[in-house]
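Trainee: Fit chains B, C, D and E to the known structure of chain A by using the hints.
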Amino acid sequence: MSRIGVFVCHCGTNIASVVDPDRLTPAAREMPGVVYAADYRYMCSEPGQQMIKDSISEHGIDRIVIASCSPRMHETTFRKMLKGTSINPYMLEIANIREQCSWVHADKGRATEKAIGLVRMAVSKVSKNEPLYAQSIPITKRALVIGGGIAGIQAALDIADAGHEVVLLEREPSIGGKMAMLDKTFPTLDCSACISTPKMVDVGAHPNIRLMTYCEVESVSGYIGSFEVAIRQKARYVNHDICTGCGLCETKCPVKVDSEFNLGLSKRPAIYKLFPQAVPSKPVIDSESCRMLKDGKCGICAKLCPLGCIDYKDEARTVTESFGAIIMATGYQLVDWAAMYGEYGGGRYRDIISGLQFERTVNAAGPTEGHILRPSDGREPETVVIVKCVGSRDPKKGKSYCSRACCMYAAKHAHQILEKLPGSRVFIFYIDVRTPGKGYEEFYDQTRMDGAVYVRGRISKIYEEDGGLVCQGEDSLLGSQVRVRADMVILETAMEPSQGIEGLTSMLGAARDANNWIQEAHPKLRPVETQVGGVFLAGTCQGPKDIPDTVSQASAAAAKVIGLLNKSEMETSPMISAVERDKCSGCGACVGICPYKAITLQEIDDRLGAKRIKREVASVNSGLCQGCGACTAACRTGALDLLGFRNGQILEEVDALCL
Amino acid sequence: MSDRQEKMRQSAEKLLRDGEVGYVIGWGATRFCDRTTPVFIDSPEGAASLVWNEHAVNSLAKYLLDDKYPDKKIGLFARGCESRAVNRMIKDNQVKRESLYLIGVPCDGKSSDRCRLCRERNPLVYDVLLWEPEANAAPADRFERVRGVEAMSPDERYRYWGGVYDRCIRCYACRNACPVCSCRECYVDMGRTGFQGKQHSRSDNQIFGVTRAFHVGDRCIECGECERACPMGLPIMGQTQKMLKEINELSGEYECGLDADSDSFLGRFDLDDKDEFM
Amino acid sequence: MELKKDRLLEALALLREGSDVALPLPADDGGEPAFRLWDGVQEPFLGSNTSLPPKELLFPRSEGMYGYNLKTGELSDILPEARTAVFGIRPCDVKSIENLDHAFLEKGYVDSYYRARRDGLTTIALGCSEAARTCFCDSMGVAPGDAPGADLMMNDLGDAYSVKANTEKGEAVAKLWEGLLSKGGAKAPAAPACGFSVKADDSLPDRLTARFDDPMWDSLSKACIGCGCCSFICPTCYCFDIGRENRGACGTAFRCWDSCMFSDYSRMAGGHNPRPSKKERLRNRYLHKLAYFSQRYGATLCVGCGRCIDKCPANLDITRVMDMMEGVDANG
Amino acid sequence: MRYSYFPGCSMESTAKSYRLATEYVMGRIGVELVEIEDWNCCGATSAHTLSAAMGLALPARPLAMAELREPGLDIVTGCASCYARLRLSMHKARSDKAAKYLIENVIAMPYEAKREVYSFLDVLSGEEAAAAIKAKVTRRLTGLKAACYYGCLNVRPAEVTGAPDRENPMAMDRIVGLTGAEAVDWAFKTECCGAAHQNDAASVSRPLVWRILKNAQANGAEAVVTACPMCSLNLEMRQGGYRKHTGLPSMPVFSVLELLAVAMGASARQIALEAHHVPAAKALAAALRRSGGGVAI
Amino acid sequence: MSLTEGFEPKIIAFCCNWCTYTGADLAGLNRMKYPENVHVARVPCSGRVNPQFILRAFQKGCDGVMVCGCHPGDCHYSTGNYFTRRRFMLMKRMLEYNGIDPGRFHARWISGSEAAKFRDTVAEVSERLRKLGPNTKYREALREGADAGKGGAGI
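Protein chains in written order, with this note's numbering: chain A, 302 to 960; chain B, 10 to 287; chain C, 86 to 417; chain D, 116 to 412; chain E, 20 to 174.
The following block holds chain A by itself, in its conformation from the complex (with noise of 0.2 Å):
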């Protein structure tokens, strides 16, 4: 028979007043079960801890019930406390006397026979609690970053620099992402290659980063703390041991094939470095494009190639490594605006360009080598519209969210055209400017006084008409129909999550909103946390952001990381699901429903009479299972259960309050 102690707590007269104590304990004493039974001003207090720990030893009591506040309240402070007495922490009940008694309660009489059926619950559960003990995990020195643009070599780098190791990985032949593609940043207008490059070499040459460019993730499994991952190194055909990255190759390759970097308004050949500054600053050869590897014919880079590093039978190749951590880094695409907006021309005209596009454009070592000219007959605009929210904040047809960075970059376009081009004129159709951050109205400010004008109002047709793009659309500020003859129109276009991004996600269990952003853990308290453990957010994988915001965030993911591998092992909650072996039939009811995944149908070794068998059980990943217990409602014979909720406690608190 259990040893209970009740111990109820007045809260001042947060539950006294309504509560009464002189009722509720002697009630408690009754209790069968409980051995001792006393009430206090305070129980969370130094004194009320001591009084309820000298009661432990004085009355041999081996578990308590705290009649009190919520436990969400105080059931941490009371689990310390027992830490330091005879009984394990897991052997205490609290029944919510306050939060759901006696501050929703009026009549004294009532509350307190509600507060005796609490409590009564709480005994009748705690009599079946059982010890349990946290498991430590033990943590894999290493962390995993996914996606090499901003938040990936920031997060990367500060992980780095705290000592733990790094692999970097990319799936582009370069890092560098889509700041590297940027010409300046707002609001300072500092050369975005100027402040991103560095910060890429560093990760080329920090002794505790590994960069893995051109690779992919195969697969996840594994849990916080010990992620195995495999990852796919795709072919490069370019023995990048031994290259330097002389760039001879590429001069002499016959092919030509749309740029990535510069977004189709130049070429490349078939070997190439992604843009000059790449790192690592060494070619791949793209197998679609490459005449010797689509027909066998050619050959050149391999002749040119002074060091032989030209291998044309190199394969991908998959290599499985561990983290105790991952970020998350895998950024945005912009959206494909010609296949959702037909009114604009749905890419007909090839003067209506994205803000990307621009930033190549009136880039020094962009195609036009920084000069703004159309793409069409390489002419300077006179007139330049720049649309704003395309595809953003437009649930009809686009995204319903805001992009967030495009009110600040198409201000800073509208700057670049107006200084670059004097005497030209840009309109900017927007439908609010936002400009929440340090500089930025300042800034907002400064483009108009260079002259934009803002008009406030959607474009709802563009189309070419002599020689021009006739932009129509509404200024909803006058009221009336306007028509802008446009040499030039920039879309600032939505950002959405990468390709790709749910494959990954499933992968690692972490959940997307309706959006496909990837979901943080919780939006204001747990913003950089997913909803797997040891799984973290950099960037705009989680939602669009600006540079500042993704680079803080990065900051943020990485410090912790590190806060996880500075540990050696990591405890886990005990509270989760465990199986009765015997009792499993291996099912798998419950495979299915779990939502991290954690649970697997594994083959054990057993005996059925004299013949030794092999079946498989359910089997509870301790460090995936977040203790939900879903999956013990969908067991039938009840192998799985939860612990710390018990069918047989929650069946315990029914039959209690039935009384």
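It should be emphasised that the hints constitute simulated quantities derived from the structure, not laboratory data. Treat the hints with care, since some could be wrong.
Interface residues of chain A toward chain B, partial, derived using beta-carbon atoms under 7 Å [to be verified]: (1) S582; (2) S886; (3) A911; (4) I914; (5) R937; (6) G939; (7) G949.
We put the beta carbon where it would ideally sit given N, CA and C, even for glycine.
Mentor: Only chains B, C, D and E this time, still in chain A's reference frame:
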């Protein structure tokens, strides 16, 4: 009829003689000519005792659970109902297809009320088919009985089921005959958890009845073995059929055991599921 | 003496003035014929024996045993106060009650709950005039037409029942019925032949127990589905489980029918089960019926009523084991 | 090819040549149009602005009658506005139980919306019809540069019409191509012609027409081809103002059926080309001459 | 006096720790008032609630049962309540089919911020049960410890 019986005997004999299977599960004679009993033939000579007539009523699939880890394949005569049971058992990870040799025997109709809902006389999965498939007879109205109960008032329904469970003797024949009841140990045999009182009372019997329906209802292949096995003749399929009727209404056409891959209703969810708990 | 059939209900009504009366009553809305308390109006079901045995009169499916209070340590007996007369009970079932008496009242232990009910029970038996095809009572030492263990024995004479008191209780009933009885000279027709017969002589128990490890148990049990149907409809199966219903500090202990065919029947506290599969369980049940009980009490526990043969979902037949024992001696 | 046919009010009045051309072409390519008995006005642009019930029920009535009389036939109409109204009722009856209930109560007959509502463009761009057109074109309108004007209601709203590309539809362009004429790429295929507002809001709606014509001409078109009597009317009748306002020449407007009819050999008289406000025959004659057909029309 | 007069129903509410339990705490923090009839049993997730708990509650004497959790899509464990929804849509129908009055079982989504909804739901369910009166269906025959009655005939 006897021609088919002969084919079955020959098939079993050959399988046993060739060592293809360890034993064959079929039907054999009893003291009474209008009853058969499941038999387990483990020698070629024994095949001569196999029987096939309109009284070969019992579904044989459940016996596979008695020997989940056989050294050799088990030969099983499979009609539509046995094959649907096997599909479900495979999905529930209870048997392995490769440890079975399914001898397909299209059913020519049996003298049992359990067959009234039969919609598939022909085995859906088999290794060999001993004779041509049979035309399926039009089954009884699948949910007629359920609708009958639904038409009652709540109190009438309670009286109806109370009456049923007053007569239940808790022998668990329904459970033990059911091919999808596959727990190593049934929750009712674990009194200590507290889910199921052991008293033979209306209340405990009712709870057993509803729980049983909930445990098997979304996997029920509608073979009718539970009702056939019930020594008290209780209309307990009214519970499992209700589950199926509701599932059909909530998620569209739903039938179990037609293949070995489909998840059961309670084992998955749909973001667009009806929501009435707002 | 005889009782005209058209006076039967009157006679039962007289009985009902002093005690409860249980009768075989027909299936109401789809159930099975069984012994139930008579409401004074219904016609008894006398065409054949009931599907459910009369053992519930003495050994209810569930019964309270005692109440307790954990805080005070108080205990209180729940002893039944039942006076019941049962009419229409067949010779096989009368024999089954004799067996239950052995089990509950002899060998140094008296079960007070059973005792209380047994003392209050008057058995008025009715000889069989027709046998079901599953009947084999005469092979098991029961005469279908006579039940010497009944308090009052009646037989169907066509338009009347012969009435013969065997005990004091029986005589009291006869006296109660005095005004309804007439002198009758008709002789009861010869008892019917059973559906089939088996050989179950005195050596059967020893011959069976010698076969404890015989592979025949495997083949006998293969088709068994492991339900408790046979135990629960058997007139002599008397196993029970004891449980408690707690209500806070107070509670009630109860006992309820249990079956040795269930896995948890023989499971020990630590989880070990000495009868892990249906083979061991079926063997135990058969041996208890046909050997162990005889060895302990000198009476075969099976009374040949045939209920289990009729109702088994897998059509198992307990007499097959007796057939298999033919020609097998106790030394193997 | 057999359809229940909803002509719509314009066909009986302003769109005479459209009607005659329809009869001419459909007869030749083997499309049988079974006029819906006792059809009524679809409600056009006004009914639904006055009452939602009326807006749904008016078009539903002829549809219901068509399904009753000719349950095997889909319904076709030659007017974009009628098409939009009919199709909306069909769509609502299928997707919205309350709307179906409302419709059936107003029209006092069941309407199951089992059959599709098609426009002439749908019908003519079908494979079978296109093949028949190819076979029946006897003289080619070579070099006639035509801007295919769909108007709003043949394509919008997309969830009702099911149009694959509401900004740049191509069905009419392909049909026009069959006659040997050249459909130009232009930007105003689905702009609004102002519809009935040409009557009550001239200052707003006149420029709509002007812009359409201007863009057509800017892209090299010599004629506009329509699939709606109302669009045709608006584009033709406002050309006086267009000339004055822009200084550009006026341009002929044909229905796609007229173009087909001529290509199939119809004479100007047969399809009453003289009924056009902007002289129409000349452009066609020029094209025919270019093709070497040389046949006067 | 009618059966239901002065009757106070006994209600158990299985509430998920992250949403409804928090919402109930918030109701307290805001000093909202609701009837005393409801006793909350805390579970980590509404997906933890086994339908058999509900049967047990009715058997042991609850007059009403509530299962409350996060709104679909907001589950702390991401998908638990989708299973809750399926299970209890079926369970509710099974209970009603077996004669339990529809007013006796309620599943509701109540978030951590919906304190008012918790209060209103409790008030509404209490009121409904007050009108329905004590539940007798599925209830075990009461034997009160030492006061248990005497057994009669075995049948």
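Trainee: Run every hint past the structure and note whether it holds.
Mentor: Hints versus structure:
Interface restraint check: S582/A against chain B, minimum CB-CB distance 46 Å, threshold 7 Å, status violated. Given the 7 Å rule on beta carbons, the hint for S886/A holds: about 4 Å separates it from the nearest Cβ of chain B. Below 7 Å, beta-carbon pairs count as interface contacts, and A911/A has none with chain B, the closest being about 13 Å; its hint is therefore violated. Look at I914/A: its Cβ gets to within about 4 Å of chain B, closer than 7 Å, so that hint holds up.
Below 7 Å, beta-carbon pairs count as interface contacts, and R937/A has one with chain B at about 5 Å; its hint therefore holds. Interface hint status for G939/A: upheld, as the beta-carbon distance to the closest one in chain B is roughly 5 Å, under 7 Å. Hint status for G949/A relative to chain B: holds, with the closest Cβ pair at about 6 Å, below 7 Å.
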